[in-house]
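Using the sequences and the accompanying hints, generate a full structural model.
2 protein chains.
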Amino acid sequence: MTADPRIQRSKDAVLGETQRLLAESGIGRVSIDEVSRRSGVAKTTIYRHWPSRSALLLEACSTMGEPLATPDTGSLRGDFTVLASQLAEHLRDANWAAVVPSIVDAAERDPALGELYTRLHDAMMAPFLSVAERGKKRGELPRGARPAEVVATVVGPLFYRRWFSREPLDSAFIKAVVSAAVGVGAGVVKR
Amino acid sequence: MTADPRIQRSKDAVLGETQRLLAESGIGRVSIDEVSRRSGVAKTTIYRHWPSRSALLLEACSTMGEPLATPDTGSLRGDFTVLASQLAEHLRDANWAAVVPSIVDAAERDPALGELYTRLHDAMMAPFLSVAERGKKRGELPRGARPAEVVATVVGPLFYRRWFSREPLDSAFIKAVVSAAVGVGAGVVKR
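Protein chains in written order, with our numbering: chain A, 1 to 191; chain B, 1 to 191.
Hints are supplied without guarantee of correctness; some may be wrong.
Any copy, or any two copies together, can satisfy a pair, since identical chains are not distinguished.
[What the hints assert, rightly or not] In silico DMTMM-like links for lysine to aspartate or glutamate, alpha-carbon gap of 25 Å or less:
hint: 1; residue 1: K175; residue 2: E133
hint: 2; residue 1: K136; residue 2: E167
hint: 3; residue 1: K11; residue 2: D170
hint: 4; residue 1: K137; residue 2: E167
hint: 5; residue 1: K175; residue 2: D122
hint: 6; residue 1: K175; residue 2: E140
hint: 7; residue 1: K43; residue 2: D110
hint: 8; residue 1: K43; residue 2: D12
hint: 9; residue 1: K43; residue 2: E167
Since the hints were made in silico from the structure, they are not lab data.
This is the structure we're talking about:
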């Protein structure tokens, strides 16, 4: 809790400029120097709120996309359809989606950023994992099914289309992906 | 065809240094200047073989991983299992797998690199697409199935595990992914 509105204003300015820099140039070019220059907030003040560049990046990234709520439609297929549709919206959001590959790339070489990325990733995937676990308890997945694997079969194809094959994330695709994951098969979906 | 072995040697030196730079630092730091400095090949010579940085990057990236051959096991499940296992090997190859996110990230901001990336991607996916199309013709996928969507349900989860969730690409996972894609369902796979 920040009581002083001036403090809140400078924190907001720092986070806002960090997010703009991330979206413009990717994570590699975000420095405390540049954020300070653009936000007009002194470096000492920035370091008072965030002990490290990673801490600032973590907060800036984690507030860029609205977190997904865990739906409860009564069926695994329904829950996955809601979540996959919301994720597809996030993936169509130019700012957020342009930043993720730069974090993934930086995480390949920098263990501190790797940890930052893992925390972001786990938070983003938590609703998918909980609906998969609930679906398994309800008997909508066979006993041998591993929830984390089922989540990969829903989320993986969406990430693939946005960042790798650059094909559209339309509702027919989402339907096919969810069908494959819940055991109907990608091809069996009715159009 | 290069008749002169000295020319071939300098081309090989340039490609080799480009690949090493890519693996060390990602695509953002690969410049003709740096490649020239490290390979000892003059910039004018490099530009004689590759008219642009993108052309050099394209050739360096496309020769980093062995291209996948199109298998013919007699069934779509068999073909996908062969291809997914080979792709998983590529994804475990530290050099190649560390470079791809830097290309994807750069492609988000640079249309020329975006085109380069699309060509690499399409070449890598061609065997997946042809086995899916053949399987569909053989009736192993329903009439409504779209081969490109089925390919996304096989490849997407593998990319997801390597670059996003950073979980292991073991054979149980590959089996679950292929089962989901060919219509058996991710959970129904026998362990």
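Each hint, compared with the structure:
{"no.": "1", "hint": "K175 - E133", "in the structure": "both (20 Å within a copy, 20 Å between copies)"}
{"no.": "2", "hint": "K136 - E167", "in the structure": "between (31 Å within a copy, 21 Å between copies)"}
{"no.": "3", "hint": "K11 - D170", "in the structure": "neither (37 Å within a copy, 44 Å between copies)"}
{"no.": "4", "hint": "K137 - E167", "in the structure": "between (34 Å within a copy, 23 Å between copies)"}
{"no.": "5", "hint": "K175 - D122", "in the structure": "both (24 Å within a copy, 24 Å between copies)"}
{"no.": "6", "hint": "K175 - E140", "in the structure": "both (17 Å within a copy, 19 Å between copies)"}
{"no.": "7", "hint": "K43 - D110", "in the structure": "within (23 Å within a copy, 31 Å between copies)"}
{"no.": "8", "hint": "K43 - D12", "in the structure": "within (15 Å within a copy, 47 Å between copies)"}
{"no.": "9", "hint": "K43 - E167", "in the structure": "neither (42 Å within a copy, 37 Å between copies)"}
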